[in-house]
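Produce the entire structure from the sequences given, and follow the hints as far as they go.
Just so you know, the sequences run in chain order H and E.
Take the first sequence: its letters are residues 0 to 391, numbered as in numbering that gives the first Met the number 0.
Take the second sequence: its letters are residues 0 to 566, numbered as in numbering that gives the first Met the number 0.
Calculated directly from the structure, the hints in this document are not laboratory data.
All values reported here derive from a predicted model rather than from experimental measurement.
Glycine included, each C-beta is placed from N, C-alpha and C at the ideal position.
Please note that a few of the clues may not be correct.
[What the hints assert, rightly or not] Computed far set for chain E versus chain H, every beta-carbon distance over 12 Å:
hint : residue
1    : MET69
2    : ALA112
3    : ARG198
4    : ALA224
5    : SER284
6    : ALA400
7    : GLU532
8    : ILE545
[Claimed, not checked] Only pairs whose alpha carbons sit at most 27 Å apart, straight line, appear in this in silico BS3-like list of lysine-lysine:
hint : chain 1 : residue 1 : chain 2 : residue 2
9    : E       : LYS371    : E       : LYS455
10   : E       : LYS1      : H       : LYS196
11   : H       : LYS57     : E       : LYS407
12   : E       : LYS194    : E       : LYS114
[Stated by the list, open to error] Simulated restraints, written as ranges between beta carbons of each label pair:
hint : chain 1 : residue 1 : chain 2 : residue 2 : range
13   : E       : ARG559    : H       : TRP222    : 50 to 60 Å
14   : H       : GLY268    : E       : TRP43     : 52 to 62 Å
15   : E       : LEU17     : H       : PHE208    : 21 to 31 Å
16   : E       : MET381    : H       : ILE164    : 41 to 51 Å
17   : E       : ARG374    : H       : LEU60     : 28 to 38 Å
18   : E       : THR461    : H       : ALA172    : 53 to 63 Å
19   : H       : TRP222    : E       : PHE325    : 47 to 57 Å
20   : H       : ASN160    : E       : ASP277    : 23 to 33 Å
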Amino acid sequence: MNATTADTGGARAKGALIMDRHSCAAKMLLGRLGRGFLLCVTAVPTAAVVFILFFIFKESLPFFENLGNVREFFTSTNWAPSREGDPHFGSLAILYGTLMVTVGSCAVAVPLGITAAICLSEIVNARISRIFRPIVELFAAIPSVAYGFFAMAVFAPLLQNHGGIMISALILAAGLPIAGVSSIPLAEFASSKIFKKPSPAAVVALRIFAGAALCSAVAYAAWRVSGVEISSGTNAFNASVILAIMALPTIVSISQDALSAVGRDMREGSLALGATRFETIFKVILPCAKSGIAVAVILGFMRVIGETMVVWMASGNSLKIPEPFYNFFEPVRTLTATIAGEMGEADQTTGSARYHVLFAMSLCLLVSGMALNWLSQRIISRGAFARKKGGK
Amino acid sequence: MKTSTRKILDKSFSALALSSMAIMCAAAVAFLAPIIINGSGAVWFKATVEHFKFLREVLDRGSARELAAMTEKSDAAREKLYSLMRAYESPADFKKISGAIASARRAAFAEAAKKSAEFVKILDENKGAASAPVIKKFGAGIFADYSGLVSGAAKRSSSPAMAEFLAGEKEALQDGARAVLEDFAKIRKLSVLEKGRVRRELPAAALENLGAASEKVSEDNAAYAAFKEGVWELLGPMTQADKEAAKMMRRKFGQTRMDVARKVLGESVLRIRVNSTDSSGRQTSESVLVAERFKGTPLAEMAKCAEENFTAMMQPRNTFYWGFLFDSPYDSNIFGGIFPMILGTFYLTVGAMIFAAPLGIVAAIYFSEYAKNGRVVNFLRMCVGTLAGVPSIVFGLFGLAFLINTVKVSESKSVLAGSITLALLILPTIIRSCEEALKTVPNSYREAALGLGAGKWRAICTVILPAALPGMLTGIIISMGRAAGETAPIIFTAATSTGAAIALADVFTEATPALPWNIYNICSEHEMADKIEHVQYGMVLTLIAIVLLLNSVAIVLRDRLQKKLRG
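Okay, structure coming up:
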């Protein structure tokens, strides 16, 4: 085409090269339309969020119209949403169960996940880290119902039959080395406080004393736990442990990213000043990476709160607040499990009182999830990860 | 702090960190090992002859000749047990014993008639209520032989027929007492009160004995019925007629797997449940060992026979049952495979991909190639993040409230509704991973394409997308794995627990069984959950295998991509 226009003369040739006005406008329009289309498609997640918020809110509105219901929802434990004529919506036990399972699983997952992340990024070399990484990813890939099945079919009977012994053995295995090691700095600290110039013998004596005290405390705890009778294997402890395993991949991989984002200069500076690796990690790297780790914990937390199948299958679904309130070996019930379990076939179309209260529960979940998400976004934008660019 | 202390702390912290990795590895092993070991048992296991009967009769598979040979051997072994059972049900000496009892009864009444004079004298001597024990004693004397025979029969030869016969004996005794009154009346006219007393008290001792005997017989019969039920569960129906009358498939065949068969043998054949009354008068049911509780009775013999011939009766052999993956389930998963669930998972996953992949790719292109940092784009990005943070069960409720109850994409649950819900769930992941993949395409590619005169759109289609494709595929495949494994969003939108596979044409209107939901269902809501553990483990293993397969494909793809980028 260019060749033919070039033959016919100057003015037209010029027009063909820079395109005539019509085709230029058409192209511009097409480009605009294309961009508009792309924008529309990109807005689908936004639309989904808006629709989800709207519909969950709309379906739970009939429940919130009655203020007495709302007060009962948060203060009572009387849960009978489908009783004829006299329904009760007290969800305190369910909310407490959710809190308990979440806190329990974070208590397991956060220390374990952060230490594992430190190990992967600071202690082992890159090759071993590459081998371990897929194991962590494997945990993330396994479907939640498989975890739930494991909790129900394998872990629950084990816990019910040998729970006390198992946990006390775990306490001993983890507690005794920690007690032994921590007695050393403790003794040193104490001796420097007590004596002006501690003699070696006094330090050794203090060390033995502190070690014996800590070890016996651990042994006492283990002995107390070993006597615990676990009446049902599906309980808050079971759900917490399994949920912790599910939250681990999130915590490990995000914390690891945060830790490796800390610049080399920081590490090398600290080591050059004579700090050991332990001190470097605790005094330099962790404070630098703390907001990234906080994001990791929050995202792990979110995964735990929103998880359905594991808690449904492993938590025992009991509508009571455990006695005493910190007893993790009692069955509990969570919001997600209640929603999944109570939305019966009949309720799905008729829109009964139960239908609406379950939507109100999911609104609670949604709001807390969004709040946590917002919090993590805030932390990220505050610049924890900005260091990643600046540091390197 | 001293240097040595600091060194110890450093070392021990390293040990702690390494042990946390060790704990995670141990957890992975502890989690996967039982599932892999037990799950593979769904495909590779010791099958009994009943398994091959099931394959032959229901699925028309396997060699008929081999089956015939196995059946012959097992029938020969079963015959020993069955002949014992038949002997119990219709004992050979029943006629003799019942005849002896009946004639003893007649003889006793004849004797009573003979002694009528003596009897009336007793009545004369003991007036009023005082006569009752005396009459009873007199009756006991007459019926001594009879009672002995009845007790003997109850001890040795209880059977359903005997129970019936003893029930008849009770009436015969009462009738006989009424008849013998007339003989007494010939001596002296008896008053109404006396008549009543004689009628009640004369056979009282014999009746008591009879009652004890028939209780013993009916207890034996109940135990036998429980035992027979156990044998039916283990071996299948005894006769062809029983088989045809049985409605459910689990009544047509015995145990198909050796491990379950051994469990059934231990729980329902060698031990049976018997009803008993405890000290406070409540009816309880307890499991007792047949060989101990019924020592010396035919039942103990049967139990011994069943135990001894167990292997011969079941004819176990190791088999690969690939049909577990490709067969439909029969009789709520007790027989057959899990094909409909696998198919349903496939439909849902592919459906979710059809919706999510194009949307995700386009959104990623917009974010990485077009979007400038502005308020609108930031808002859009934030919404992607928010969508990723929505709990999965909330997606399920949203699918129910919006797709099914409001838009009505289908009458009730359907694959379509489930796919759209799952698509929304995995959309953020796809967008993020595709965006990452697009970002890894070097800027020089873009510049070169634009420099050669390609338009932006053309540059994206012909240069950038092909370069980013492996990375995008990785993200999409990982999201597929996630969609395949999610349960909560499909509970209210797509999943049903019935076992029939649905045709491709029905995906717009029909709910489907799907692996994740059916795993939950078969574990928590199945009536015989403890007898189909292999199916549960098999399903879980299949699901994990599907997801891990998808993930490893993605990882391989990613590694190849990285090599390509490096090299």
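message = Going through the numbered hints above, which ones does this structure break? Give me the numbers in ascending order.
response = 6, 7 and 8
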